[in-house]
Amino acid sequence: GQNIDQPTEMTATEGAIVQINCTYQTSGFNGLFWYQQHAGEAPTFLSYNVLDGLEEKGRFSSFLSRSKGYSYLLLKELQMKDSASYLCAGGYGGSQGNLIFGKGTKLSVKP
Amino acid sequence: KAGVTQTPRYLIKTRGQQVTLSCSPISGHRSVSWYQQTPGQGLQFLFEYFSETQRNKGNFPGRFSGRQFSNSRSEMNVSTLELGDSALYLCASSLGQGPSTDTQYFGPGTRLTVL
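Quick note, the sequences are listed as chains U and H, same order.
Each residue of the first sequence is one higher than the last, beginning at 15 in the working numbering.
Each residue of the second sequence is one higher than the last, beginning at 203 in the working numbering.
Chain U on its own, in the form it takes in the complex:
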């Protein structure tokens, strides 16, 4: 199968920077999504990387290395509201393929 691996939990301080890593299997890979999910809520889209490199969107950036099967989500100037689970998801099998999620990284932001 296409395993997506990411850390289970992370803790960071308000105002700091945190990097959440994700590794995935490269066979049949299309691109990589990051979703944010607050407790008790639905996941919401953060970013989608298809090409190698860094994509920046405000306080959030996402990086992809296709050859290494590696991605990270970078969160800057952390705020308390950033406490959530961050889901890494790999698209596989072409435009009509599957989306495989990691188990999520629960980020706790402390004052």
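Everything labelled a hint here was simulated from the structure, so no lab data went into it.
Cβ atoms here follow ideal geometry from the backbone N, Cα and C, with glycine treated the same way.
One should not assume that every hint holds.
[Claimed, not checked] So the derived label-pair ranges between C-beta atoms look like this:
hint : chain 1 : residue 1 : chain 2 : residue 2 : range
1    : H       : G218      : U       : G67       : 49 to 59 Å
2    : H       : Q256      : U       : K95       : 36 to 46 Å
3    : U       : L68       : H       : Q219      : 45 to 55 Å
Dock chain H against chain U, hints included.
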């Protein structure tokens, strides 16, 4: 635009029963995907429908089935419920490409508890 809606939001059933969950996608979205979310396994892809046809299927037993109507609304059915089916069932819609390349817009989910 209204978001993805799912009904019911909460459901309690007993083992052996069957259940039907409903999902209305965002207007104009033609692809609907279903996911199961549990603490142990995370989010797992069940299936995807487009134009009333199942276009892709995850690794779940045949007890899990679905359908899509001409207005893109979708239902999923779970027959002969087992305790392990207790989970949050999420529906997501997208414009037309499948979930592997298109941003998914998730509904609030149906929390199913099997006793």
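Exercise for the section: Could you say whether the range 45 to 55 Å given as a hint is met by the Cβ separation of U:L68 and H:Q219? Expected result: holds (50 Å)
Practice task
Starting from the range 49 to 59 Å, see whether the pair H:G218 and U:G67 falls in it by beta-carbon distance.
Solution key: Holds, at about 52 Å.
Problem - Range hint compliance [Cβ, H:Q256 to U:K95, 36 to 46 Å] - result: holds (38 Å)
No hint from the list above goes unmet by this structure.
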